[in-house]
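*Asks:* Here is how the chains run, residue by residue.
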Amino acid sequence: MTAEQMIRARSAEWRELEALLSSIGGELRRSATNLSRFAALFRNVGADLALARAQGFPEELTEYLNSLAARAHNRFYVSPRQPLGQIAAFFRRKLPLIIHRNARYVVIGMLLFFGPLLATVGLSRSNDSALFAIVPKSMLSQFERMYKKGHAAGRPESLDAAMTGFYVFNNVGIAFRCFATGVFAGLGSIFFLLYNGVVLGAVTGFVSTTPSATNLLSFIIGHGPFELFAIALSGGAGLRLGFGMIITGNRRRRDSLRDAAVDAVQIVLGAAVLLLGAALIEGFFSPSSLPIWLKFAFGGVCVLFLTFYFGILPWFVARAAGELRRQGDGLVLGGGALSIVGAVANLAAYFAEAGATHFAIWSAVGLVGVLLTLGGLRRRRAWLR
Amino acid sequence: MISTNLQVDSPEGISLDYELASLLDRGKAYAIDLLIRVAAVVIIGVVLFFVAGVAGLASLGLWLVIYFAVEWGYYVFCESMMSGQSPGKRLFELRVVRVEGHPIGFFDSAIRNLLRAADQLPFSYAIGAISVMASGRFQRLGDLAAGTVVVREQRAYYGAQLPKIDPSLFRSDSRVVLSNRERRLLQEFVVRKDRLHPERREQLAEILAGHYRQRFGFDAGDTASETLVRLFASAARESQA
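Residue numbers (the numbering used here), protein chains in the order written: chain S, 1 to 385; chain C, 386 to 626.
It is possible that some hints are incorrect.
Among chain S residues calculated to face chain C with C-beta under 7 Å, some are [stated by the list, open to error]: (1) Gly-46; (2) Leu-49; (3) Ala-69; (4) Ala-70; (5) Arg-71; (6) Ser-158; (7) Gly-165; (8) Ala-261; (9) Val-265.
Read the hints as simulated data drawn from the structure, not as lab findings.
Each residue gets a CB set at the ideal place from its N, CA and C atoms; glycine is no exception.
One chain only, chain S, in its complex shape:
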């Protein structure tokens, strides 16, 4: 067969395939006859392409057939639609499994964020001038004025809605950036975690030394757990991405990076959902005139939920899914719980202006918790792999 003969014999089918290709997506998929005809034409043009290449037909012809086959291929194989039912399965099973696999990155993210946060909170009471060196006093006083009024009077709902929108726009954006810049060997995420930790710690610490302390604390206690943890979580996801690029195991770098990214992006989506929840709480609940004890109780429930969903559930889901229980899992769990208890009790003691003994005890508890966690991670021989 010559090129001319092929064109004469086959161009009718090629035109037909082109017509199908330029039809709208749904039109093609709705009609069964169209669809099966499309599949047949696609296979035939593939055969034509192979023949044209083997015979060395003119480049124009093979190029045309290649482009036709490639376009048909892209229309034929489409990404599967994600049914809504998968969303529930994602949060029930998939995300906990991913958290379990990447627990070390979540822990590092939390240390890098909450460490500087607690440190600057501590600094704010012991050494003012050092604090002002980090964050200018004018900025801190501004926050203090903001919380002077308190929330006993509540505020109009339209303002609540506007602020919720702002929190979504701003906070989720910060989390996404914190994640994305992790691609630079984790450096961007580390920077965002440290920076946000220091600034938030400075503001909270400074205002808590002023008469506005209760106002501030009752405001942040509701949304704080979700919001702060979500930032640490997205930073941890960014670290996963960055380390995936550096520590490749015995895979090619691009495969390692891609595996890391698939896990990391799902962690970030979890963080985004937390932040959406936090934005709603921060917009409507935190500034409301509800009694302070209710706000604290709500914050406590949030902490319990986070501990359960990110600290306990992953281990159970992983075992149910048949993941081998690794040595050190218990240590990671226990140590993590202990360090959370230590940190929360420390904060409570701090705001209740308790004596130095309380501090010493709870700090020691938290420190032991951190050490146990790190030891457990080492035991799992999974420190960064």
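Following the hints, position chain C against chain S.
*Replies:* Below, chain C without anything else, positioned relative to chain S:
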């Protein structure tokens, strides 16, 4: 050698060549998408503030949420719904595919588009552009992490440019059997020869003819380009027979 093609083996056993999209193509598609995004945010804002202005500040909140959704969700939504295309990409016939040639899924799209935040640093996608130029498959960081490439889906048209051969050239009686590669090389030359400056044409033909002369041996009287055209004609007649 720098190749601007991506070769993909389809499940049907066809090997398809995709042309990778250049920085310019992608920039044009980006500009269109940017225009659409800005227009959407502005129009929705105007509607919310002037038509539904009664809600006051609440509409500001709604607008910020929409602004956020458009900024971060536009590409993920479009690429998931349109099999790896956005309106801008469709206009310039580009498509995002996995490096293995598969269509992209939701998470692939989420990865490559969240990482725009890294690619657009420090200004106007400078890092992304460097990554595109440095990586073999024109991938920005988001593409590298997601394992995707942007390809051109250009339609080619056939027929018009098939080389027409002057029948008087069919005079050699010796059988000429060429390999596919040899024939393709000849054909490339014959198709392009009239677009080349005569001197340059002879230069190129000299280089090419060396190989064929060794194999077939020609009259010394012909110029190199005449030799090649005659050889091509003989080969064409051979394959017609």
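*Asks:* Each of the hints needs a verdict: does it hold here or not?
*Replies:* Verification of the hints:
1. Interface hint at Gly-46(S): satisfied, since its Cβ lies 4 Å from the closest Cβ of chain C, which is below the 7 Å cut-off.
2. Interface restraint check for Leu-49(S): the shortest CB-CB distance to chain C comes to about 6 Å, inside 7 Å, so the restraint holds.
3. For Ala-69(S), the interface hint holds, since its Cβ comes within 7 Å of a Cβ in chain C; the closest pair sits about 6 Å apart.
4. Against a cut-off of 7 Å between C-beta atoms, the interface hint on Ala-70(S) holds, since the closest Cβ of chain C lies about 5 Å away.
5. For Arg-71(S), the interface hint holds, since its Cβ comes within 7 Å of a Cβ in chain C; the closest pair sits about 6 Å apart.
6. Given the 7 Å rule on beta carbons, the hint for Ser-158(S) holds: about 4 Å separates it from the nearest Cβ of chain C.
7. The closest approach between the C-beta of Gly-165(S) and any C-beta of chain C is roughly 3 Å, which is under the 7 Å cut-off, so the hint is satisfied.
8. Because the smallest distance between the Cβ of Ala-261(S) and any Cβ of chain C comes to about 4 Å, under 7 Å, the interface hint for this residue holds.
9. Among the interface hints, the one on Val-265(S) holds; its C-beta lies about 5 Å from the nearest C-beta in chain C, closer than the 7 Å criterion.
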